[in-house]
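What follows is each chain in one-letter form.
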Amino acid sequence: MKSSSVLLTSMLVQMKQTFSRNMFKFTLFVGPFLTTIILGEMYRHSTADNFVAYVVLGSGLWSLWNCIAFSSAGDIHRERYSNTLSIIFSAPADFRLILLGKIFGNTVLSMGSFFLSIFYATLLYRHPIIVNNWPLLIAALALAIVAFIIMSIFIAYLLTLSRKTTIYMNCLEIPFALICGFVFPIENLPQGVQYFSWIFPPTWAVRLLRYSVTETAYGFWENFIPLVITMAVFAVLAAWLYRIIFRQSKILGTLDMA
Amino acid sequence: MSVIEVKDLVRDYVIGEGLFNKKKKVVHAVKGISFSVEKGEIFGLLGQNGAGKTTTIKMLITMLAPTSGICKVLGYDTFGQEKMIRNRINFVFGGEYGLYRRLSARDNLKYFANLYKMPRKERDERVEELLALVGLTDRADTRVETFSKGMTQRVQIARGLINSPEVLFMDEPTIGLDPLGAEMLRETILEVNSKGTTVLLTTHNMYEADELCGRIAIIKEGELLALDTPAAIKGRLTPRKAKPAVQEEITLEDAYIQLVKGGDDA
Amino acid sequence: MMQRFFSQAWLNAKVHQGGLNLTEFLAYRVGISISTLLLYVLIAQYTTEGVDLTAWVVGNAFALCVYECIFNIGGTFNAERFNGRLRAIMVSPTSKLTVIMYNGISSIVVGFLTISAAFIIGGLIFGVQFSDINFGMFVLAILAAAFTCVGLGLFLAVFALITDSMYLVLNTLAMLLIIFSGANFPVSQLPVFAQYIANIFPLYRSVAAANLSMGGNFSAEFQQLLLGEIALGLAYYLAAFVLIKVIERIAIRKATLEMF
Numbered sequence: 001m002k003s004s005s006v007l008l009t010s011m012l013v014q015m016k017q018t019f020s021r022n023m024f025k026f027t028l029f030v031g032p033f034l035t036t037i038i039l040g041e042m043y044r045h046s047t048a049d050n051f052v053a054y055v056v057l058g059s060g061l062w063s064l065w066n067c068i069a070f071s072s073a074g075d076i077h078r079e080r081y082s083n084t085l086s087i088i089f090s091a092p093a094d095f096r097l098i099l100l101g102k103i104f105g106n107t108v109l110s111m112g113s114f115f116l117s118i119f120y121a122t123l124l125y126r127h128p129i130i131v132n133n134w135p136l137l138i139a140a141l142a143l144a145i146v147a148f149i150i151m152s153i154f155i156a157y158l159l160t161l162s163r164k165t166t167i168y169m170n171c172l173e174i175p176f177a178l179i180c181g182f183v184f185p186i187e188n189l190p191q192g193v194q195y196f197s198w199i200f201p202p203t204w205a206v207r208l209l210r211y212s213v214t215e216t217a218y219g220f221w222e223n224f225i226p227l228v229i230t231m232a233v234f235a236v237l238a239a240w241l242y243r244i245i246f247r248q249s250k251i252l253g254t255l256d257m258a
Numbered sequence: 259m260s261v262i263e264v265k266d267l268v269r270d271y272v273i274g275e276g277l278f279n280k281k282k283k284v285v286h287a288v289k290g291i292s293f294s295v296e297k298g299e300i301f302g303l304l305g306q307n308g309a310g311k312t313t314t315i316k317m318l319i320t321m322l323a324p325t326s327g328i329c330k331v332l333g334y335d336t337f338g339q340e341k342m343i344r345n346r347i348n349f350v351f352g353g354e355y356g357l358y359r360r361l362s363a364r365d366n367l368k369y370f371a372n373l374y375k376m377p378r379k380e381r382d383e384r385v386e387e388l389l390a391l392v393g394l395t396d397r398a399d400t401r402v403e404t405f406s407k408g409m410t411q412r413v414q415i416a417r418g419l420i421n422s423p424e425v426l427f428m429d430e431p432t433i434g435l436d437p438l439g440a441e442m443l444r445e446t447i448l449e450v451n452s453k454g455t456t457v458l459l460t461t462h463n464m465y466e467a468d469e470l471c472g473r474i475a476i477i478k479e480g481e482l483l484a485l486d487t488p489a490a491i492k493g494r495l496t497p498r499k500a501k502p503a504v505q506e507e508i509t510l511e512d513a514y515i516q517l518v519k520g521g522d523d524a
Numbered sequence: 525m526m527q528r529f530f531s532q533a534w535l536n537a538k539v540h541q542g543g544l545n546l547t548e549f550l551a552y553r554v555g556i557s558i559s560t561l562l563l564y565v566l567i568a569q570y571t572t573e574g575v576d577l578t579a580w581v582v583g584n585a586f587a588l589c590v591y592e593c594i595f596n597i598g599g600t601f602n603a604e605r606f607n608g609r610l611r612a613i614m615v616s617p618t619s620k621l622t623v624i625m626y627n628g629i630s631s632i633v634v635g636f637l638t639i640s641a642a643f644i645i646g647g648l649i650f651g652v653q654f655s656d657i658n659f660g661m662f663v664l665a666i667l668a669a670a671f672t673c674v675g676l677g678l679f680l681a682v683f684a685l686i687t688d689s690m691y692l693v694l695n696t697l698a699m700l701l702i703i704f705s706g707a708n709f710p711v712s713q714l715p716v717f718a719q720y721i722a723n724i725f726p727l728y729r730s731v732a733a734a735n736l737s738m739g740g741n742f743s744a745e746f747q748q749l750l751l752g753e754i755a756l757g758l759a760y761y762l763a764a765f766v767l768i769k770v771i772e773r774i775a776i777r778k779a780t781l782e783m784f
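First to last, the sequence lines map onto chains X, W and H. Under our numbering, think of the first position of the first sequence as 1, with each following residue one higher. Under our numbering, think of the first position of the second sequence as 259, with each following residue one higher. Under our numbering, think of the first position of the third sequence as 525, with each following residue one higher.
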């Protein structure tokens, strides 16, 4: 099978399976709505800039992250539970391509939650959405998605190593929203924690997005360069991790339940 | 009085199909079967996958309401009079699910014993007795998740016997077991039965059905094809259908295949 | 009977926590709780520009009830079905409500511990004046909140017998509970109809009561809130008690226990 068709098949199967799950319907439709309300009410008396940056984009990014990270990590768990993880792992097609296909599938669906969040925020609060630089916003969004995908791959690989996938999966949602500044600027965190935030590509992607909206918040290059660097580092780490898990999961026997 | 009484029993399922506009589809799982089981019998319910065996058992163990017909256990309706039945029956389904994998065999049995409201002393004695019966006394404190299929199944059997049921329902209890494990399980069934427990069991293993069951019902697509002793069912096999090599000794499997493949000319 | 109850609760606790070692337990239960509290309080700190954050720390510590009461208790039968144990439970003569409670006890204990830990840690980080707290009132408010949240959990758990959409139901309610608790913003900001709905949600009154325990005395207002919360809890228990009988019968009739 050609690589492209492995990728496409995996992506389509993923989207079909995901869409039929009730949990995903929550993550896709209901979750963003309720998140928007919580953030919208908390930011009700804040500035217009803040509203766009942390309610509109914030709830969108938070939902996007939940969708991508949760589904990718959850997939590993489900594959293991239905004993198909060992099958796809030992299939002649490259495991990396299969996983990437899954993540692409999740990403396409997750984009829905991102745009829905924006729609909800506009509908509920009727706040004017002023964007300084539309082309930059679109480019930054694309970069943010790539950053999320890289993180998802990294996390999904990590999770293949453990049987307690659900536990770690749940540990990811809030801490990432917290550290990467999805819903408030990381400058609000203690200095020590901010150094930690700098490690993760989503932090920079979020700042770049915010820059495209307000242009006053942060500079372009100050965020673009760290974003590219951290993305490259995580991509290399993911590749390295893959080589390790390929060996370790066989040694530890964590691919199936028994 | 029969321990199990089934008459014109029907069960339909309504299933929604399609992703969005769910179309309702009615599946007739059991289409008016009748049989009865006497006290102390081992009764076999045979049939292909999807024939309606599990649905029938679910109705008998009070988990599923019949669409119509009579479904009585120990003289009580399984839907409406569950309270009179539940303490006196139990079941064992094949497969590895159904236990708390993170608990030991002993803790699992204690948990299920508590569901039957047994006094502590009686419970602890019963648990030890059952662990000995299924040969797991040595491994009683090991977590079930580390057990082999056979050992897990033995815990399931012990669980099914926890309340010393008068009637035990078993749905493919030997599925996936190795020959020795299956043999041991058959011995356990005979031992339990010798103490007066009535057993209703489904299996795909014809040898097992022949060895264990006093009477057998064969169902196909929700309808009863045959109901008799294994010997009588074998006796109904028309000679032309028996393979030459086995003509001298016709097995239940030959008879079963003939019945199920060509239900009409049997 | 009490002995059996605690024996069951202990075995259930082993099932829940048995798969985790201490580090994982801390990461999972305490870690998630504290980071959730931090996230919301930090948003509040940013949006209010750092006024007294005590109310947010208190409210969000209470809101952590959600995880144990809604997901664990509310998800009881879901988990049993997923592991193929539901039939053994249904066919046993024990009341199904008791089975949920067996599962609930460990949730309540763990919930109480995580909430306390989150409150203390959050309080230390955000400079809550612990000396101002009337601890008697505070503990009463926590107990009332826990009582009512468990009631809601029980009520929700029952529905798992007839639907396979429990994740959707539980997640939606968990977030609604956070919205209506008033932990993060005054419920009066919401539209009028939503304010009425808040009245039938746990936490709405107990969070307000807990805030009164900050330097307050045992006032009539406090007592009223507390009694209201307990009455609401009782209503949930009663509803669960009535519903389980009805829903168990529907489930047996419609074959929703295992097949969808």
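No wet-lab data here; the hints were simulated from the structure. Warning: the hint list may mix true and false statements.
[As the list claims (entries may be wrong)] Okay, derived cross-link-like pairs now, DSSO-like style, lysine-lysine, Cα gap no bigger than 30 Å in a straight line:
(1) K538(H) with K282(W)
(2) K282(W) with K297(W)
(3) K478(W) with K25(X)
(4) K375(W) with K538(H)
(5) K265(W) with K297(W)
(6) K478(W) with K769(H)
(7) K778(H) with K330(W)
(8) K282(W) with K769(H)
(9) K778(H) with K341(W)
[Claimed, not checked] Which residues of chain W face chain H? A partial, calculated answer using Cβ under 7 Å:
(10) V268
(11) Y271
(12) V284
(13) H286
(14) Q339
(15) M342
(16) R344
(17) G352
(18) Y358
(19) R360
(20) L361
(21) D365
(22) Y465
Ideal Cβ positions, reconstructed from N, Cα and C, are used throughout, including at glycine.
Do the hints match the structure? See the list:
1. K538(H) with K282(W): violated, 42 Å
2. K282(W) with K297(W): violated, 41 Å
3. K478(W) with K25(X): Violated, at roughly 39 Å.
4. K375(W) with K538(H): With Cα atoms ~20 Å apart, K375(W) and K538(H) stay inside 30 Å; holds.
5. K265(W) with K297(W): holds, 17 Å
6. K478(W) with K769(H): violated, 35 Å
7. K778(H) with K330(W): holds, 19 Å
8. K282(W) with K769(H): holds, 27 Å
9. K778(H) with K341(W): holds, 19 Å
10. V268: This interface hint is violated because 13 Å lies over the 7 Å limit.
11. Y271: With a minimum Cβ separation of about 6 Å from chain H (threshold 7 Å), the hint on Y271(W) holds.
12. V284: violated, 12 Å
13. H286: This interface hint is violated because 13 Å lies over the 7 Å limit.
14. Q339: violated, 12 Å
15. M342: Constraint on M342(W) not satisfied, violated at 10 Å.
16. R344: holds, 4 Å
17. G352: violated, 11 Å
18. Y358: OK, holds: Y358(W) within 7 Å of chain H, min 5 Å.
19. R360: holds, 4 Å
20. L361: Hint on L361(W): holds, closest Cβ of chain H at ~6 Å, below 7 Å.
21. D365: Hint holds; D365(W) Cβ to chain H Cβ min 6 Å, cut 7 Å.
22. Y465: Violated, because the Cβ-Cβ distance from Y465(W) to chain H comes to roughly 27 Å (cut-off 7 Å).
Hint compliance for this structure: hints 1, 2, 3, 6, 10, 12, 13, 14, 15, 17 and 22 are broken, all remaining hints hold.
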